[in-house]
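Residue numbers (our numbering), protein chains in the order written: chain W, 1021 to 1370; chain H, 1021 to 1370.
Each statement offered as a hint is correct.
As a list, the in silico DSS-like pairs of lysine-lysine whose alpha-carbon atoms are at most 30 angstroms apart:
(1) H:K1146 <-> W:K1175
(2) H:K1173 <-> W:K1175
(3) W:K1183 <-> H:K1044
Honestly, the hints are just simulated from the structure, not real lab data.
Number of protein chains: 2
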Amino acid sequence: MQEQNDPTPLSRVGEFGLIDRLTKQIKIYNDSTIVGVGDDAAVISNEKGFSLISTDMLVEGVHFDLLYTPLKHLGYKAVVVNLSDIYAMNAHPKQITVSIAASNRISVEALEEIYEGIQLACEFYKVDLVGGDTTSSLSGLIISVTAIGIADKNKVVKRSGAKENDLICVSGDLGAAFAGLQLLEREKAVYEENQNMQPDFSGKDYVLERQLKPEARKEIIDFFEKEGIVPTAMIDISDGLSSELLHLAKSSNVGIQIYEEKIPIDPTTVTALEDFNLNPTTVALNGGEDYELLFTVPLSLHNKIKSAPNIQIIGHITDKKEGTHMVTKGSNTLVELQAQGWQSKMDEEY
Amino acid sequence: MQEQNDPTPLSRVGEFGLIDRLTKQIKIYNDSTIVGVGDDAAVISNEKGFSLISTDMLVEGVHFDLLYTPLKHLGYKAVVVNLSDIYAMNAHPKQITVSIAASNRISVEALEEIYEGIQLACEFYKVDLVGGDTTSSLSGLIISVTAIGIADKNKVVKRSGAKENDLICVSGDLGAAFAGLQLLEREKAVYEENQNMQPDFSGKDYVLERQLKPEARKEIIDFFEKEGIVPTAMIDISDGLSSELLHLAKSSNVGIQIYEEKIPIDPTTVTALEDFNLNPTTVALNGGEDYELLFTVPLSLHNKIKSAPNIQIIGHITDKKEGTHMVTKGSNTLVELQAQGWQSKMDEEY
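Construct the entire structure; sequences and hints are all you get.
Here it is as structure tokens:
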């Protein structure tokens, strides 16, 4: 955990008006936010279109380790993982609520740092923090965020619309967040053996940032809007490309063929994974927390998509009876996609 | 905790498809629920009016004790406390999301019982469970619920609209949930000393139910609608009448005068509190978890409100400079209202 000067124990929080302290900086970015923090419920105006709701919980020791997670980044990430779900419906997040349970080990200043990160994400993505809950916990820190978004009725993209011959596309690159996690876990182990050792993270900024401060792919949704593109199906990649492809295939009742050589992996990810003797493709398929978008578009959009920045075509949709496969690099053999996400199956969003 | 036959550890949950097991019974009650469980986000149609959002977290050891809390009731209560916040805005809850973090000590069957309670509440209040998250925790059980509701634009009731001379009203009766908690805590202490002792709860059904399975005051909101009443201000009583009155006074920038003899307290609550030498008025003012509605209406509605079932007029709004007071029974002296809710100030919703 971060070092703090004179940390204020939460037990003294009555004196300080915790909620006032945590929420006094809140700015409102959206006209649709009618009543924000400070009443029984937030009030949101929604004249037309659909509302979208997504929720996610981050638990200390399961989703993050306070030894190497800066609190500000933690707050930022807790927001981003939820916004990613809203973007994955081709929608725009507008409001969030945040609930935090914290043990007495967490100081008021630590909570303020988390809220700084939350507000930084709110500012960057122009979403409004409209409500929440702070409570004590017997042990550990838990952050639960709910995001509310809006979308045009005829533009909501579900997981279930992929059609045969559609192109399968991913944004950005994959595997970096998992590589960053391996690095952090290794340095933690080193630190626990010798607390004078300084971590050696030189040249590893990219993979570390992907793990500690991921971003949601707002610019892809903006690109769709600008180009008049509505994907046939979409999902965000929080649990490894492979298991997300299988979700998409199941929901859409189709088959899948992707090409190993097309999977986008950043060179620094490949370098970082060499230290751990990990195969980059395996990590891209099964590592988690990339928060890139996986989507399908009709074949007719091939040229438009091919020239787009940060989008890679990795394969195409097939008939269901052809199954879900990857064509390997070099040998060109078909291997079946497996659902072995990085997280236990206990960690499921629905 | 409940006894279980052959509890299934959560670590084996991959085999069972936990989310499928927990959500297979889900029914949809509202046309506005376009996409529920099973995609990145829920999709909600909202043609007119405002959306309302409220969120609340229940933490084991802080908000509930599994020794005496039936899991089904726990699930029910986790929903109800959120719906209460939506009703407190004069709105109708329509959808909820539920996030649960559970340690390995909690079995799959235990989670199913919690979900049974959640679905029972959904059925009773006709709200749809549209999304969520299940994850592991290192210790303890945490349930975070977000409720989404709708209201006519011109009927949303905030805390801030109370005007001088308005009548101050409460629904139902107060203090029972706190009395129930005292009973349960006493029997827990007895049980911990002698595990063969059976708890003696005869004649205490009402206060126990108020603690373990509270209800939200939907019928009051329905009554307002039927009678064409829009309160000037409203708040739900989750943290004791006194601190809610102070919230309302502060938000509305007014003073308050209530009468001790008018505070509605059930006779069984008074009887239960005698065992603990607790003053019923003190408990009504400072005990928590009643989930009744505290609201203000113009004086002109006096007759309509007076004849309504389950609503009690307890005082009136004064000018701010007259302060916030209670006129005591018998002696008729003015005492200042204190914010000493049952929960630590750490537990704050916003």
